[in-house]
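Based on the provided sequences and hints, a complete structural model is requested.
Protein chains in written order, with the numbering used here: chain X, 709 to 814; chain Y, 709 to 814; chain D, 709 to 814.
Keep in mind the hints are simulated off the structure, nothing from the lab.
Any given hint might turn out to be false.
To be verified - Here are the simulated DSS-like pairs of lysine-lysine, each with C-alpha atoms no more than 25 Å apart in a straight line:
{"id": "1", "chain 1": "D", "residue 1": "K807", "chain 2": "Y", "residue 2": "K805"}
{"id": "2", "chain 1": "X", "residue 1": "K753", "chain 2": "X", "residue 2": "K782"}
{"id": "3", "chain 1": "Y", "residue 1": "K805", "chain 2": "D", "residue 2": "K805"}
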Amino acid sequence: MTEAQGPAWDMLVSHVNNLRTALSKDGTEVEVVFFGPGLNMLLKKNSEYEERLKQLADSGVTLSACQNAMRFMKVTTDDLFPFASQVDSGVAEIVRKQKTGWAYIH
Amino acid sequence: MTEAQGPAWDMLVSHVNNLRTALSKDGTEVEVVFFGPGLNMLLKKNSEYEERLKQLADSGVTLSACQNAMRFMKVTTDDLFPFASQVDSGVAEIVRKQKTGWAYIH
Amino acid sequence: MTEAQGPAWDMLVSHVNNLRTALSKDGTEVEVVFFGPGLNMLLKKNSEYEERLKQLADSGVTLSACQNAMRFMKVTTDDLFPFASQVDSGVAEIVRKQKTGWAYIH
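Now the structure itself:
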């Protein structure tokens, strides 16, 4: 997720749910990396999507906040939804996961 | 393809043609997955791009409509160009193809 | 890079720097492919980002101009920053690199 707001947020929730429905039998893991302006979606103050994100997290989807974006936006762990994870670098996380065989979708 | 309209549609046709020109000797297969708002491009009513898409299909490019997007947009097979294929889930199709060694470009 | 201008250019520089900081110990190579309207960022006339791009190039990042985009925009090698590389097709370059194990980020 790289978008600060807008229809991309709705799309994200739909796409992850569709992905899980289609691939759940394969035990496919899903991680969403929020970096750049996309970190916005994990901030407590943007509560509109909280319930939908919490449902994803509860169902096993990893929601990762980029710590570079956190520093850039002066955001601390307390500002994030409690169900968010953190990674040192969103872009590096995406590279590392692909290196270990994960697929990538923008 | 995730865009509902606009210059991304022109770019798509150029990019696929450039890709095929550069990689045709390798027998590289190309599939374009139309999901989310991007499904719009495969609807008969958007006839402006029909000829260019038909040329891609005729040359062996698979043009796949996401059935999740079809349900969401209340679109049936009859609403799609006759040369369109269908996949159960656009995002799952992209994951599955990468798992079997395909490259991905957004 | 596919964007003709705007905040995506700032994001690019940040993301590449963050990627290198996080992965430099692994000897990870980074290439940025400028294609479609994104070729704009490598033109000498867009000097605002020249210094930042030069720093990336000097640190070992490959900045590749798509020759298809060059023809389309009627741009020659003389119009590009001297530290830019060139590839025959930006999309084909991205496919080829993934085929040899590189990760991809949009």
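Cross-check of the supplied hints:
1. D:K807 to Y:K805: 13 Å, holds
2. X:K753 to X:K782: 14 Å, holds
3. Y:K805 to D:K805: 16 Å, holds
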